[in-house]
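Asker: Those protein sequence lines, which keep their order, are chains Z and S.
FYI, the numbering for the first sequence is 1 to 499, going by the numbering used here.
FYI, the numbering for the second sequence is 1 to 514, going by the numbering used here.
Derived from the structure by calculation, the hints contain no laboratory data.
Do not take every clue at face value.
[Stated by the list, open to error] Short, incomplete list of chain S residues facing chain Z, as computed with Cβ under 7 angstroms:
no.: 1; residue: Met-11
no.: 2; residue: Leu-14
no.: 3; residue: Ala-154
no.: 4; residue: Met-155
no.: 5; residue: Pro-162
no.: 6; residue: Leu-166
no.: 7; residue: Phe-169
no.: 8; residue: Phe-171
no.: 9; residue: Thr-188
no.: 10; residue: Ala-356
no.: 11; residue: Ile-360
no.: 12; residue: Asp-449
no.: 13; residue: Leu-450
A quick note: this is a predicted structure, and the numbers were derived from the prediction, not measured.
Just so it is clear, CB atoms sit at the ideal spot from N, CA and C, and this is done for glycine as well.
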Amino acid sequence: MNSVPDILRILPEVILTLTGVAVMLLEASWPTGRSRRTLGWVAAAGTMLALWASLGQLALPMGTGFYDTIETSAFTIFFHALICGLVLVVLLLSLDTLPEDCHHQGEFYALIVFGAVGMCLLTGAVELLLVFVALEISSISTYILTGYRKETARGPEAAIKYFLLGSFATAFLLYGIALIFGATGTTQIYEIARLAPMAQNQSLVLAGMGLMLVGILFKVSAAPFHVWTPDVYEGAPLPVLALLSTAPKAAAFAVLLRVLYEMLPTLRPVWSPLLWVVAVLSMTVGNLAALRQQNVKRMLAYSSIAHAGYLLAAFAGLGNSGIAAASFYTAAYVAMNVGIFAVISVVSGYDERLPLIADYRGLLYRSPLVGSLLIFFLASLVGIPFTGGFLGKLTSFSVAMEGGAVWLVIIGLLNSGLAAAYYLRLGLAAAQRPTDEKAMAPVPLVGAAVGAALLFAVVATLVLGIVPGNVFRAAEANAQTLRAPAAQNNTPGNPVVAR
Amino acid sequence: MNAINNSILTMILLVPLAGAVLVALLPDRGKLANWIALGTSLVTFGLTLHLPAHFVPGQSGFQFEVNWQWIERPATFYHVGVDGLSLWLVVLVGLLAPVGVVASWNAIKERRKVFYALFLVQQTAMFGVFLSLDLLLYYCFWELSLVPMAILIAMYGRKNGPRAALKFFLFTFIPSAPLLVAILWLYTQTGSFNFAALQTVIAHGNLGAWPLFWVALAFLFAFAVKVPVFPLHGWLADMYCEAPVALAMVVAGKLGLYSLLRFHIGLFPVQARDAAPLMVGLAVVGILYGACLALVQRDFWRLMAFAALSHLSLITLGIYGLTLTGWEGAVFQILNNGLVEGALFLLLGALYESYATSEIDEYGGLAGKLPRAATFFVIASLAMIGLPMLGNFVGEFLILLGTFTGVSKGWAIAATLGVILGAAYMLWLIQRIFFGPESELAVSKPPEDLHAGQMAVMWPLAAMMLVMGVAPGLWLPAIEKSVRLPQSAEQWKAPAPVAPQSAMPVSPDEEAQK
């Protein structure tokens, strides 16, 4: 069965690791004082290669490698491609927004790439220990990146907060893994799925699941594990935030899908109501808190909490459709979120000249292009039709409706109505006539790299909103490989052998 | 010809969008954006005229239908078509677009590109609402129509744009959340967003009365806010005060009223019948309340807003009277109202342009200085009042007749009182602006009468008002066909076993009979 060399199953990760190491080495040998942008391009090229490699994995027979610790399936490829695409956008964005005199630029790019290694591994892991290790790899690089503006007070504060709370969360996860190991005697996900229903001590399994959920929900910043989010977002540099608010969450959602739908499908009656509560809490808390924010980053932090809630609503869906909807929403969410952070990075810059919503007044007058992009991504976040945000929300809520969670859908959609208020505040501030044009810093020109990043995000958001067919099919293929390993994978254009 | 018939609706939807993209891509130089927008809207108007020219009045059901799959799950279709109900509304939207462009020709001085691009996107959204036969597609266009509107109000608001924009957006966006829940619920029950299919399923009554009650209520609520119906009109006055003239005239009323007819009464005849007494009551209150408030306004935008509330409530009355006459009158009146509001907005916009105030008291004695504007203003006002020979008379008469015979004499009399009040505030407005002694303002500024472009628009509008008043027979048959009931309206209204599947608008059963 395993005729494929194992190395091919982790090829994207290998490429990313090599890229990261290469960037580090180049940085060390780079002459002092010379621009380090080239290093960023190297990292971007490596990521593109990894993206190509993960799409190339579609041609591999689906299956596991390295003693059943890592898997290649439509599911992993979907998330690999998503994460690699995201990291590419973030790298392009950093290339133009990182100031010339920024310290440790080479390491900055390398850390982003190393983080991507962890996130990719996380989505492919079918062994809980590997999940843990991958989570640590991705977390440690994001902790460092968060505190990158060490000359400010907020940066290190955010990093320390993130680090401490994140360590607690991973400890919870590890404890949960240990309990499940105690109950079933294994840490391999498929084995657990087989053995967990037969475990003698069911309460151990339940406790293990609960603790693991705490760890994962912390990473996706769902309420009530969300308190770190606004502070960390406020302190982190904007290009980092574009990564932080998207890629680790996408990876964590992948793990959540795997743990719940694949590892513990029999416990659905337990986790489904739990996630119902978490979803409602996240949406409501996120939106209500966001309404009161004056700081753009904090507002978007709360908005991301609310979006985690909308996404979790998909978990009320039954089986395949739930997984497909959650995957699709993840794609839509990361596309629009990376987009809005990219726009804000362009407007506000690495050193964050314009922190407040009021500072955005007149943006559409000063720079119609950037202003329109801001409004476009806000519209997607609001859930205006023909954008990814709308279809994501729609699929998520429609599967929840099919799963019988009518109240969840009602609460969710009312919440999204409420959410429109604060997104609109930013959007309308941008559309308002500026009071004093001289008082406002001009918007820097959009460079080629950041232009490409923005274009990528806009196209992705529009494609997800207008012609979502292929992504939908990919998301549904996910569901099939996850739920029923024997099912035929029907990712378009790539007929593949069943596992 | 067949190829054109098959693609005409798609073209109507895409041409404004293409124009918007073109405007957005080309540089913001001089009046380039104006000309592109004007050209696009004229082409679109030409395309919409294809519809009445090739519409077969005798044929029931939807024509020029296109039905392609758009999203696999939830199964959504790009399904568009027109019937007698939407036919003329589409033409009206097409007609008002060039009017809107002309109205903003000089009014919009900065960021023309953004303005015209968004204006054209708004066109697409409006067409989409009238053409969609798939509930989710409809919802998409419905929501989309909010965005350009909100941005433009915020950008070009006269005093407090962002506030009005926020109010407008939230007022319509939040009620559409329950609407989406209701649409999704229908989908999970039936597996379809298709209008005709849903009509059949709901008519067969397998969905349970209680959930359907809530679903119908969600539909009603969302649409009633958009019309607006009496207690939900909070956003209207601010929107009229702040919105650029072009948008106010394009958006006013039509979307909500059409949606009530098509999707509330069309999908939920039983629930609509239960809600009808309430709606009739609210409509009459709205007529009188709007008219009374219009009487005491000092600002002509606000006066127009409350006048609109009054007139839109009259149409609502026609719709919820649930009589064939009333429906015919309502649809006809939506068209008239669109024309008249378009004309009045254009004229008031021109006044505001030259005198930069909307305080009625500051005006006076302009008739001598602006003879053209005064003439057209008087014509449009007379049409609005409902003078015989002009279009509104026919519509109002039909609505009141339907109410008088089909609902109750008391309500009809009360509603007629509103029409009288309507004459009072409009005539008084004319008197205060155009007649009497010349005010300081009128003396201080050099007169700027309507320019050639505005005249080119006003003439056809005035002519249309006259034609619609003299020869309503050109429109009513197509409308009647679509709102016609196989049995008499009276029978349908009877609470006893109804056959709601034969309710208006045209149902699949009727199609089968053909």
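Asker: Minimum Cβ distance from Met-11(S) to chain Z below 7 angstroms?
Answerer: violated, 18 angstroms
Asker: Is the interface hint for Phe-171(S) satisfied, with its Cβ closer than 7 angstroms to some Cβ of chain Z?
Answerer: violated, 10 angstroms
Asker: Can the hint on Leu-450(S) be confirmed by a CB-to-CB distance to chain Z that is less than 7 angstroms?
Answerer: Where the cut-off is 7 angstroms and the nearest Cβ of chain Z is about 28 angstroms from Leu-450(S), the hint is violated.
Asker: Does the nearest C-beta of chain Z fall within a distance shorter than 7 angstroms of the C-beta of Ala-154(S)?
Answerer: holds, 4 angstroms
Asker: Can the hint on Leu-166(S) be confirmed by a CB-to-CB distance to chain Z that is less than 7 angstroms?
Answerer: Holds - the Cβ of Leu-166(S) comes within 7 angstroms of chain Z, reaching about 6 angstroms at its closest.
Asker: So, Met-155(S) near chain Z? Judge it on the closest CB pair being under 7 angstroms.
Answerer: Holds, about 5 angstroms.
Asker: With 7 angstroms as the cut and Cβ atoms as the points, is Phe-169(S) at the interface with chain Z?
Answerer: holds, 6 angstroms
Asker: Less than 7 angstroms between beta-carbons is the criterion; does Leu-14(S) satisfy it with respect to chain Z?
Answerer: violated, 13 angstroms
Asker: Quick check on Asp-449(S) please, does its C-beta sit within 7 angstroms of some C-beta on chain Z?
Answerer: violated, 29 angstroms
Asker: Regarding the hint that Ala-356(S) lies at the interface with chain Z, is the smallest CB-CB distance below 7 angstroms?
Answerer: violated, 16 angstroms
Asker: Does the closest beta carbon of chain Z sit nearer than 7 angstroms to the beta carbon of Ile-360(S)?
Answerer: violated, 26 angstroms
Asker: Tell me if Pro-162(S) is really an interface residue toward chain Z, meaning its C-beta lies closer than 7 angstroms to one of theirs.
Answerer: Since the shortest Cβ distance to chain Z is 4 angstroms, the answer is holds.
Figure legend: structure checked against the earlier numbered hints; hints not met, in rising order: 1, 2, 8, 10, 11, 12, 13.
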